[in-house]
Amino acid sequence: MLSPELMLLLTILVPACAVPAILATGFSANLREGVTITASLLLIVLVSSLYGTVDDGTIVRLAGPELFPGLSLNFSIEPLGMLFSLVAGYLWLVTTVYAIGYMRGHDEDNQTRFYACFAIAISSVMGIAFADNLFTLFIFYEVLTLSTYPLVTHAGTQKAKLGGRVYLGVLLTTSVLFLLLAIIGTWYTAGTLDFAAGGIFPADTPTVVTGSLLVLFIFGIGKAAIMPFHRWLPAAMVAPTPVSALLHAVAVVKAGVFTVMKVCVYIFGLDLLNRLPTTDVMLYLAAATVLIASIVAMRQDNLKARLAYSTVSQLGYITIGALLATSAGVVGGSMHIAMHAFGKITLFFCAGAIMVAAHKTEISQMRGLGWQMPITMTAFFIGSLSIIGLPPTGGTWGKWFLMTGALDAGQWPIMAVLMLSSLLNIAYLLPIPLRAFFSGPSPQGPLRIKEAPLPSLLALSVTAIGCLVLFFLTNPLYRLATAIL
Amino acid sequence: MTAHLPVLQVIVPLLAAPLCLFLRIPRLVSIFAILVSFAAFLISCGLLSQVLNHGTLIYEMGGWAAPWGIEYRIDLLNGYLLLLITGVSTVVLVAAQSSISRELPENRHTFFYTAYLLCLTGLLGILATGDAFNLFVFLEISALSSYTLIALGNDRRALTASYQYLIMGTIGATFIIIGVGLMYMMTGTLNMHDLAQRLPEIYKSKTVLSAFGFFIVGVCLKLALFPLHLWLPNAYAFAPSIATAFLAATSTKVAVYVLIRYIFSIFGIEFVTTSIPLSEIFLGLGLAGIFAASINAIYQLNIKRLFAYSSVAQIGYMILGLAIGTQLGLTATLLHMFNHALMKGALFLAIGAVVYRISSSQLNHLAGLGKKMPWTMAAIVTGGLSLIGVPLTVGFVSKWYLVVALLDKGWWPVAVLVLLSSLLAVVYVWRLVEWIYFTPPRIILDEVEEAPLSQLIPIWLLVLANLYFGVDTRLTVGVSKLAAQSLFGVTP
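Line order of the protein sequences matches chains A and B.
The numbering used here puts the last residue of the first sequence at 485; the count rises by one with no breaks.
The numbering used here puts the last residue of the second sequence at 1492; the count rises by one with no breaks.
You may find that some hints are simply not true.
As the list claims (entries may be wrong) - Below, a list of computed lysine-lysine pairs in the BS3-like style, where the Cα atoms sit at most 30 angstroms apart:
#1 Lys1372/B x Lys161/A
#2 Lys360/A x Lys159/A
#3 Lys1481/B x Lys161/A
None of these hints come from the bench; they were simulated from the model.
This structure is a prediction, so every number in the text was calculated from the model and none was measured.
Just need the whole structure built from these sequences, with the hints factored in.
Structure (structure tokens):
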């Protein structure tokens, strides 16, 4: 049996080492995809066995090289990071299976580069999840931005180039200008960047300093897509659908809200957050993001664009959870990281399946599509329920705890926003599967079922079932989420 | 033998330079030059380890004691830079043979190596010497040989570029010698150490002040501080690629060294900050240089010029570190001198490989090269990322220390501006990326293939150094800190 420290290191190294192997096996598609699948299976084994160690409360720490005096690349396992790595690890395998169907079905070029960059991105996600200090987290955060750029611009067209500009422009601007400044400011004020329960700022730090650092952090973590720095997410939709699914519904955006959570809980601490005057300002900004993004989503006819704005809105929920600064809010936010991941990846998988099988991208073209792609559309329905937060899907729990958190904090306006936004979710998601089944030309003669390639279909069924299973089997996630505080 | 290392450091390339003329055969000369430069590198390693173990080394030339004879004085600051200059010079020379065989007619190869070694001699001499006049002599040796190196470029505009540099460089040198002369008049000594001891008595004198003024302007011309940078873009653009790589990585750093040496070891930081508002001037010019040159870089159509403007901007960062006037600020400057040499060395060598293959350094001719020369292009992108200051590259280390120093001084608006300016670097680097990877070829590239190994290996050595020193900062940060400490400690 490997020591937990070694396993922790391997979670980062396994996807990283897959990169040269993928590049070397680029000549044979089957071999190359075999490498990716092997690596993702190994990663699942690793994160699952690590989960055992967190559960019994062992502390696992790994010290890396010291970059600057006092600042090292250190890793450790704590519940929130464990939860994030579990989600990303499991969904990497599912997405790889999906990608095999999608990329071959679409006859995409440069598939070797695609799988290689994907593996780098997953490696950096693991680095983010297990970072023991803000410095380590920032390094992997930037690696994630850069490694996903070739994925966003995969098509190499003019449109992809422009999308890539927005993507990189917004993410680098926010991270270099605000996040880096906030981190250096924190380092200068607190003298440390290590994540610690209850925060790291000395008690006598002026509120002006901590208050403005919070603003810098929230704006600086561009991956959390708080308005007005959300434009990169719709722009990233030029990427192939597996990228949109895993990275822009799960890994990259969740890395953003994960960082927000980490900063709120382990850098500021909930007590300090409660006292800061800027917390409420940021909280209402996140609430505004939730509402505005939902309204914008309703007006999108392109399915992927609608899902992208829906993601912006749902990320706002998690930021709200962190900024409510109550324990229920943190629990709700972290549960929503996992629940939204399963729901949204299902929806993106379905969008990609429709694109490959029926060559449709606009919602208005999808009337009656349910009879041609029944499995896909059923999965879409389940995914939508989970995003809305209706039983019997996992999404229920995240929203439940978020609302409890808002009540605990006495934030009635936030409560109202959460409820209103759920209604908006219904309005922009449910019509899609409903119209696919109940409107448009009813089937004439024998049904002609034409679903996406089998690997893709398999993947989207797995995640849809996952949404249902998570409603009943929430305990492992709940235990992790409550262990954070 | 080890006692003579300080002089060997300078004398070996100086004697080797004319020997090149006797060897004549280009291939032989090339190997000889590499060996000489490598020997200089080994000597500098020996020197730095001696300095780290035993403190400052003092070498009396010809056995004449200091006020009469010339003294060489190796401390941490110049020991560190000697290592950098000889190291980069050796790596660049490895790529030289194939590159100049494409860019220069065969009968000029020997001259190229002679001028190169003389330039190296000059730079090493500036660093090693402890005598103000001797420094001027070496400054001229390096300057004259670099005019030659630039004029060797096969574009006819290289001649005007070289001439422009000659005029500006000579004005700078004249100002410096006026400064040295005034100081000699007042103190009767040319030895830096003696100067530092005698100057405090006459700080109030107007002559000393004007000596300092002449001096600062002269050196700032040499180091291409905005707005005295006008000679630099053309010189870098039209010189042979190898010369550009060498000069960009070394010569401006040595000029910054001269500035630091004069400010800290001769005049003393106290005089400098109380007599004239140097800190404010450097702050203003540094920031103006960073922004003006970065914005200029965005609009360049020639990649050599693009990175030349970026060099001007990077000099702005070094000057900004000096403007802060604290130990942390000086550490940031010293770090960035080292790190920037690695970035620009890698970038200009990679551009040299591009010129070797497509005989052009026009930005739009890069289109489509991402597929044809993947390794060279990857080197350019990595060098560019380092220039931007992405984590795990040396650029990040520099940026981190500069911003920490600025916050420590309480200049947080300047820190914001520094971070903002690195976004300009994103713009000009990404313009390159889009041309390389997203645009269909503008010229016929069928015959183009990856650069030869003799160029790829040095390029990637420097690229990997960019990454290595971005993670393991013990040498760079450690020595910069110690050097900054001693510079602040030595002066009263």
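So, going through the hints one by one against the coordinates:
1. Proposed proximity of Lys1372/B and Lys161/A is supported: the alpha carbons are some 20 angstroms apart, at most 30 angstroms.
2. With a C-alpha separation of about 19 angstroms, the suggested pair Lys360/A and Lys159/A falls inside the 30 angstroms cut-off, and the hint holds.
3. Simply put, Lys1481/B and Lys161/A have alpha-carbon atoms about 43 angstroms apart, too far for the 30 angstroms limit, and the pair is violated.
Violated hint for the displayed structure: number 3, the only one.
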